[in-house]
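Engineer: If you read the sequences in order, they're chains A and B.
Its first residue numbered 826, the first sequence is counted upward by one per residue in this note's numbering.
Its first residue numbered 6, the second sequence is counted upward by one per residue in this note's numbering.
Hints in this document: simulated from the structure, not taken from any laboratory.
Since we're looking at a predicted model, the values are computed, not measured.
Don't take every hint at face value.
[To be verified] Here are the simulated DSBU-like cross-link-like pairs (lysine-lysine), alpha carbons at most 30 Å apart as the crow flies: (1) A:K902 / A:K928; (2) B:K94 / A:K843; (3) B:K45 / A:K925; (4) B:K133 / A:K881; (5) B:K83 / B:K133; (6) A:K928 / A:K843; (7) B:K94 / A:K898; (8) B:K106 / A:K843; (9) B:K67 / B:K106; (10) A:K881 / B:K103; (11) B:K36 / A:K902; (12) A:K898 / B:K106; (13) B:K67 / A:K898; (14) B:K13 / B:K133; (15) B:K36 / A:K941; (16) B:K94 / A:K881; (17) B:K45 / B:K133; (18) B:K103 / B:K133; (19) B:K83 / A:K832; (20) A:K902 / B:K83; (21) B:K13 / A:K898; (22) A:K843 / B:K45; (23) B:K83 / A:K843; (24) A:K898 / B:K36; (25) A:K902 / B:K91; (26) B:K83 / B:K67.
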Amino acid sequence: MKKPTGKVVVIPCSGIGKVYGALAREIAYELAERVRPQSVLLTCLPLLLIGDEQAKQLVTENPVITIDGCPMKCAHKSVELHGVEVAQSYLAINFYIAHKDLKPEGVAELDETGRKLAAIAADELATVVDDLAGGEEK
Amino acid sequence: MTDHALIKVGIVSCSGEGIPEGTVSRLACRKVLDEIRPGKTVTICLPLFIAGGQEERNFTAKFPTITVDGCDKRCAQKSTETLSGKPAKSLVVSEILKQKKIDPPVQRRNLTPHERNIVQVIAEEIAKAVDEVLEREITTSD
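Okay, chain B solo, but in the shape it has when bound:
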């Protein structure tokens, strides 16, 4: 039987330096990794798939992975699919905000209170996805 504590979910974030949704994606992912689901999540820098070696490219083989993109160009999802493997789940910040009827962020740094709230909302969505993937993995492994 698998030790469930050893099962971790990989999170690959859009880095989106060019757009405010990229900043939200990065900060929300970090919040999940450090505060909301520490010990259950791991990450890798997206471009490391290219700059790194086979070890980095095996990321999705080692961890069921959730990609978090800032916009509908879905760089994180596409790069992960191309270079590592199919993600277990793919989230897009702009789509989540649209569904929840929340005004999009405007700034790329020095976030306003509204933008900080957006980070929290997205982090909770990521955490929900982490729980779903973990539950699926645990069910499969038993």
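So that you can see chain A by itself, here it is in the shape it has in the complex:
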């Protein structure tokens, strides 16, 4: 396990074809912009694919959370490809399964229900981020 750095990298699915890809991305934005802006860092998943040094350094030095949109788990696999162990791995659909009353719709952009689900999921992940970051940001 990596030594806490105070930062956590969140990498969502980058899909543009499925609602759960959009949900994964919205959860990441919620974490980075509202829930834990001081500790959550985002990077573009394809930057890892092309071996960008800065992106590689981010995932090597900090704990990584992946949120995938489908069972292909592109985000998870792309991080592992660089020999980095993913600290926590999630499938976006499981947040819907846990909150069946909030069925997300929309592929390019989530509808209001989807955004509400993303906000709840991000709130639920706050403690995971805090644990991995090694300090509590509120």
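Let chain A serve as the given structure and place chain B on it in line with the hints.
Structural biologist: Only chain B this time, still in chain A's reference frame:
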């Protein structure tokens, strides 16, 4: 003779979660796929080249492909070239905006009206590229 209706153009978008131009790229690609050139375009998630199998890696062999990148790091273009094949055309959002003297987007989500307009401008550029590639393919196939 080839049935021209069967010829489709592949679009591979930058996902760019980290930058506003990535959001523009995704939304513009979706607009082309769903509204402007439906039935003539298909897409694949960029990282699927890695996570998927040979089927996914043959994407550019099956479809003449246009890559749409958010920034000059050109992840979509480079990944496609490395893992699948050379794209028929490569567009970069930041370069198109510079050429057209349009202020770049600022937000990654909850886009402003200006940023919605940018999505439309980029979508039209992609559609133009789709038409050019289709025309070339049809000419070649006849």
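Engineer: Does B:K67 pair with A:K898 here, judged by a C-alpha cut-off of 30 Å?
Structural biologist: It holds: about 24 Å lies between the C-alpha atoms, which stays within 30 Å.
Engineer: Verify the proposed pairing of A:K902 with B:K91, using a straight-line Cα cut of 30 Å.
Structural biologist: The given pair, whose Cα atoms are some 24 Å apart, holds under the 30 Å limit.
Engineer: Is the Cα-Cα distance between A:K898 and B:K106 30 Å or less?
Structural biologist: violated, 39 Å
Engineer: Is B:K133 close enough to A:K881, meaning Cα to Cα at most 30 Å?
Structural biologist: Given that 30 Å is the threshold and the Cα spacing comes to 35 Å, the pair is violated.
Engineer: Taking 30 Å as the top limit, are the C-alpha atoms of B:K83 and A:K843 close enough?
Structural biologist: The given pair, whose Cα atoms are some 23 Å apart, holds under the 30 Å limit.
Engineer: Do the alpha carbons of B:K83 and B:K67 lie within 30 Å of each other, as the hint requires?
Structural biologist: holds, 18 Å
Engineer: Keeping to a limit of 30 Å between CA atoms, is the pair of A:K881 and B:K103 held or broken?
Structural biologist: holds, 29 Å
Engineer: Need the status of pair A:K902, B:K83: alpha-carbon distance at most 30 Å?
Structural biologist: holds, 19 Å
Engineer: Just to be careful, I want the Cα atoms of B:K13 and A:K898 compared with a cutoff of 30 Å; is the pair within it?
Structural biologist: holds, 27 Å
Engineer: Hey, B:K94 versus A:K898, does the alpha-carbon distance stay inside 30 Å?
Structural biologist: The hint holds at about 28 Å.
Engineer: For the pair supplied as a hint, A:K843 and B:K45, confirm whether the alpha-carbon distance does not exceed 30 Å.
Structural biologist: Holds - the C-alpha atoms of B:K45 and A:K843 are around 19 Å apart, at most 30 Å.
Engineer: Compare the distance between the alpha carbons of B:K67 and B:K106 with 30 Å, and conclude whether the hinted pair is satisfied.
Structural biologist: Between B:K67 and B:K106 the Cα gap is close to 36 Å, so the pair fails against 30 Å, i.e. violated.
In summary, the structure is inconsistent with hints 3, 4, 8, 9, 12 from the numbered list given earlier, while agreeing with the others.
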